[in-house]
Every structure is written in structure tokens, then in C-alpha cells.
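Undergrad: Below are the chains, spelled out letter by letter.
There are 4 protein chains.
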Amino acid sequence: MVSKEEMIAWFKSEFPQARYEIEDFTTDSIIVRHRVEERDLRPGGTVSGPTMMTLADTAIYVALLRQIGFVALAVTTSLNFNFLRKPVANADILAECKLLKLGRSLAVGEVSIYSDGDEAPVAHAVGTYSIPPKR
Amino acid sequence: MVSKEEMIAWFKSEFPQARYEIEDFTTDSIIVRHRVEERDLRPGGTVSGPTMMTLADTAIYVALLRQIGFVALAVTTSLNFNFLRKPVANADILAECKLLKLGRSLAVGEVSIYSDGDEAPVAHAVGTYSIPPKR
Amino acid sequence: MVSKEEMIAWFKSEFPQARYEIEDFTTDSIIVRHRVEERDLRPGGTVSGPTMMTLADTAIYVALLRQIGFVALAVTTSLNFNFLRKPVANADILAECKLLKLGRSLAVGEVSIYSDGDEAPVAHAVGTYSIPPKR
Amino acid sequence: MVSKEEMIAWFKSEFPQARYEIEDFTTDSIIVRHRVEERDLRPGGTVSGPTMMTLADTAIYVALLRQIGFVALAVTTSLNFNFLRKPVANADILAECKLLKLGRSLAVGEVSIYSDGDEAPVAHAVGTYSIPPKR
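First to last, the protein sequences are chains A, B, C and D. For what it's worth, the working numbering labels the leading residue of the first sequence as 365, then goes sequentially. For what it's worth, the working numbering labels the leading residue of the second sequence as 365, then goes sequentially. For what it's worth, the working numbering labels the leading residue of the third sequence as 365, then goes sequentially. For what it's worth, the working numbering labels the leading residue of the fourth sequence as 365, then goes sequentially.
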């Protein structure tokens with residue numbers, strides 16, 4: 365199992381410009397914060413869909429790597445995304461991920477996305493990763 | 365809001381042959397049990413996919429009607445289903461549903477399905493219902 | 365590659381009670397007909413959701429086995445289903461499947477479902493199968 | 365019905381920096397090209413997931429607006445995305461969209477994404493838009 369410190373260090377080296385912070389990091393729940401900036405916003409004052417989808421995908425990746433280690437070749441095979449409410453513009457967004465399944469070749473994660481400070485989810489995602497066979 | 369007793373009575377009159385029992389019935393969680401019988405099984409000793417998908421859809425329907433009343437015309441518009449593990453043959457299956465969104469014209473529910481007695485979900489679903497406009 | 369005759373024979377021996385007929389059977393398109401009977405119908409005169417979902421899943425299975433042979437252990441891992449229109453009650457339903465991907469461990473198929481005689485699809489599905497590693 | 369010229373003009377004024385070109389524009393098929401640039405790429409030489417997901421969403425939006433006119437309030441409610449193959453880095457990506465359903469309050473579109481010059485799709489999406497009631 366990867367520790368929170370190892371994950372943070374790895375993330376920094378792999379995605380130096382990413383505006384993510386790993387907040388929760390346990391078997392039951394991974395929470396990743398995305399620091400929302402101007403360029404993430406859409407006209408009308410809301411966080412863009414791609415920003416949320418990328419965060420959801422990242423949260424599943426973090427939850428998966430926590431269990432299997434830094435397997436660079438794990439790739440997303442599907443992402444099912446539901447937009448539930450308009451996120452507010454002046455708040456970070458948080459993704460909470462639970463792994464529903466961790467099989468030998470497939471992992472499935474479920475993600476709820478929140479505007480920081482709000483209880484009702486703004487989006488929900490279910491994503492699947494393909495895990496390469498061990499050599 | 366519909367009471368548990370009203371829901372059970374309505375269910376019995378609408379779906380007299382259904383083998384469902386409403387166990388939990390709160391805002392945060394709806395649990396519906398399906399009493400598994402021989403005809404629900406697949407060769408190899410497992411509960412069939414359609415049995416699980418129908419239960420998931422039903423659980424969202426129950427969660428939705430609890431909030432909006434017995435609106436017969438609410439219809440499923442999408443069901444996204446992930447099969448996670450083989451359910452065991454000799455146990456009932458339970459669906460736990462949370463409504464992620466209840467809008468004026470759309471509701472989104474999330475469902476985890478379990479074999480009775482097991483903690484790991486055997487399937488997960490996200491479904492959408494269209495709610496007819498009020499006349 | 366499996367021939368149409370081999371597929372029909374295999375289907376008959378594996379699913380003797382199934383009311384399916386394989387109509388089209390080429391690399392580009394698989395069409396499976398489901399002979400609708402009384403028990404497939406829902407009040408209001410329409411084909412039930414589970415009947416359509418089962419047919420969609422079957423059509424992907426047929427398209428997949430056509431390519432990889434009779435691998436009994438290929439299992440559905442996800443099914444994403446959209447209900448588009450009410451199918452009519454007095455017509456068979458037809459599922460047309462295209463394989464979007466056939467990888468070593470994953471296959472993805474897309475299915476449109478029609479009421480026989482109608483041009484507008486009544487439902488659409490995307491499903492994923494996990495293919496067991498070759499021994 | 366919106367003409368191709370009207371759509372192109374509207375797009376330019378609404379999304380001046382977008383690198384999209386509308387190629388096909390008929391009832392049966394909408395094709396939108398995304399001119400891939402350095403910033404769309406991922407390490408390993410492939411087009412990023414968010415770039416493809418945004419293009420898929422845009423193609424459905426174009427197909428929908430073509431039918432209903434420039435209704436600014438149509439919003440994506442779900443996007444189901446399957447990653448099929450690695451797109452190549454040195455080619456544009458093209459999204460071909462078909463509207464599966466155009467109802468009063470919901471539209472469903474299906475999209476295949478290709479690397480320009482390749483026949484096998486690199487991704488597939490099904491998305492749903494909510495259409496605001498007419499005032």
C-alpha cells in the first residue's frame with residue numbers, strides 16, 4: 365500500500381502543474397481537491413465540465429494507485445458522468461472516491477464531486493481502469 | 365412525503381407478484397430486498413443480470429416515488445450498470461439506493477447491490493428517471 | 365471466426381428456451397431478433413426494460429463470440445442503457461450490434477434496439493465484456 | 365432548422381478560441397473536427413481524455429442546436445465515455461454524432477471519435493442534454 369506522503373511526492377513529480385491536493389487518503393475514502401482558477405470557469409460563473417471530469421478521473425487513479433502502487437500503465441477505459449447541479453464559481457471542487465472493485469485486470473471507482481462547503485454533490489462519476497498484467 | 369406503509373401497500377397493489385420487500389425507507393437510504401428464487405438463477409449458480417438490473421431500477425423508483433408521490437408516469441431514461449462480483453446463488457439480493465438529484469424534470473439515483481450477508485457490492489448502478497411536468 | 369450455422373447450433377444447445385433468432389451475422393453488423401410474447405410486456409402495452417436489456421447483452425455476446433469462439437467465460441462487466449421511445453407491444457424487437465473494440469482482455473459493443481418495422485431506435489446500449497486470458 | 369453557415373457564425377461568436385471546424389452537417393450525421401495542438405497532448409504522445417470528452421460533448425451540442433435553434437440553456441446532464449484506442453498525436457480528431465432521440469425535454473446523442481485518417485474509432489460517447497421548456 366502506498367502512503368499519503370509517497371502519493372503526494374509522486375504526484376508532484378509526475379504532474380508538476382496540477383492544482384490537486386490529496387486531502388483524505390484511506391481505504392474507504394479518497395478526497396482530492398482541485399484548486400479552481402479563472403481558466404476552469406465557464407461563462408455564467410460555473411466550473412467547466414472537463415475540469416470536473418478530469419478531477420473525477422484523477423481521484424479514481426489516486427485510489428487505484430494507492431492499492432496497486434505506481435503502475436504507470438493503468439489506463440481509463442470508461443467514464444460515466446452525471447452532471448447534477450451547477451458548481452459555484454468561487455469555490456474549489458472536491459472529489460470523493462470509493463473503489464467499488466479492484467480485480468486483477470479491472471478496477472471500478474465511484475466518485476462524488478462537491479463544491480467546497482456544499483453538501484449536495486454537483487456531479488457523480490463511475491470510472492473503470494484497465495490494469496496491465498504483471499510481468 | 366410517502367410513508368413506508370403507503371409505499372408497501374401501493375407496491376402490493378401495483379406489482380402483486382413482485383418478490384420485493386422494502387427494508388430501509390429514509391431520505392438517506394432506501395433498501396429493497398429481492399427474494400431470490402430458482403428462476404432468477406443462471407447456470408453456474410449465480411443471480412442473473414436482468415434480475416439485478418430490474419431490482420436496481422425498482423429501488424430508484426421507490427426512492428423517487430417516496431419524494432414525489434405515486435406519479436405513474438415517471439419513466440426510466442437511462443441505466444448505467446456495472447457488474448462487480450458474482451452474487452451467490454443461495455442468498456437474497458439487496459439494493460441500497462441514494463437519490464443524487466431530484467430536479468423538476470429529472471431524478472438521478474445511485475444503487476449498490478449486495479448478496480445478503482456480504483459486505484462487498486456485487487453490482488452498482490446509476491439510473492435516471494424523467495418526471496412528467498405537473499398538470 | 366464462427367459461422368452463422370455454428371452460432372445458431374451453439375445457441376440452441378446452450379439456451380434452448382431462448383426466443384432469439386440470429387438474422388444478420390457479419391463483421392460489420394449482428395442483428396438478433398427477440399420474439400416478443402405476452403410475458404415480455406408491461407402494463408400499458410410495451411416491451412419491458414429487462415427484456416430489452418437482456419437482448420442488448422445477448423447481441424454483444426453473439427458479436428463477441430463470433431470473433432473469439434465459444435469462450436464460455438466471457439462475462440459482461442458493464443451495460444450502459446438508454447431508453448429512447450416506448451417499443452410497441454405487437455412487434456418483435458431487433459438488436460443491431462457493432463463491436464467498437466475487440467482487445468485482448470476487453471471488448472466493447474454498441475447496440476441499437478428497434479421495434480420490428482420501425483426506423484427510430486427504441487433503445488441504445490453500450491456494453492463491455494471481460495475476456496479471460498488464454499491458457 | 366439551423367443552416368451550416370448560421371452554425372459556424374454562431375460558434376465563432378460564442379467560442380472564439382475554440383479550435384473546432386464543422387465538417388459534416390446533415391440530419392444523419394454531424395462531424396466536428398478538433399485541430400489538435402501541443403497543449404492537447406499527453407506524455408506518451410496521445411490526445412488527452414478531456415480533449416476528447418469536450419469534443420464529444422460539443423458535437424452533440426451542435427447536432428442538437430441544429431434541430432432546435434440556439435437555445436443557450438440546453439445543458440449536458442450525462443456523458444458516458446468509452447476509451448477504445450490510443451489516438452495518435454500527430455493528427456486531428458474528428459467526432460461524428462448522431463442524435464438518437466430528440467424529445468421535448470431530453471435529447472440523446474451518440475458520438476464516435478476518430479484520429480483523422482484512421483477507420484477504427486478511438487473513443488465512443490453517449491450524452492444526454494436537458495432542453496429547457498419553451499416559454
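Just so you know, the hints here were simulated from the structure itself, not pulled from any lab data. Keep in mind that this is a model prediction, so the values were computed, not measured. Where hints are given, some of them may not hold.
[Claimed, not checked] Below are the SDA-like pairs computed for lysine to any residue, each with C-alpha atoms no more than 20 Å apart in a straight line:
1. C:K462 to D:A484
2. A:K450 to B:R468
3. C:K450 to D:K465
4. A:K462 to B:R449
5. A:K462 to B:K462
6. C:K465 to A:A438
7. B:K498 to D:L429
8. B:K450 to A:L466
9. A:K465 to B:E483
10. D:K462 to D:G433
11. B:K498 to D:A436
12. C:K465 to D:A484
13. A:K465 to B:K498
14. D:K498 to D:L429
15. B:K376 to C:K465
16. C:K462 to D:D482
17. C:K376 to B:K498
18. D:K450 to A:K462
Undergrad: Tell me the numbers of any earlier hints that the structure contravenes, in ascending order.
TA: Violated hints: 7, 11, 13, 15, 17, 18; rest satisfied.
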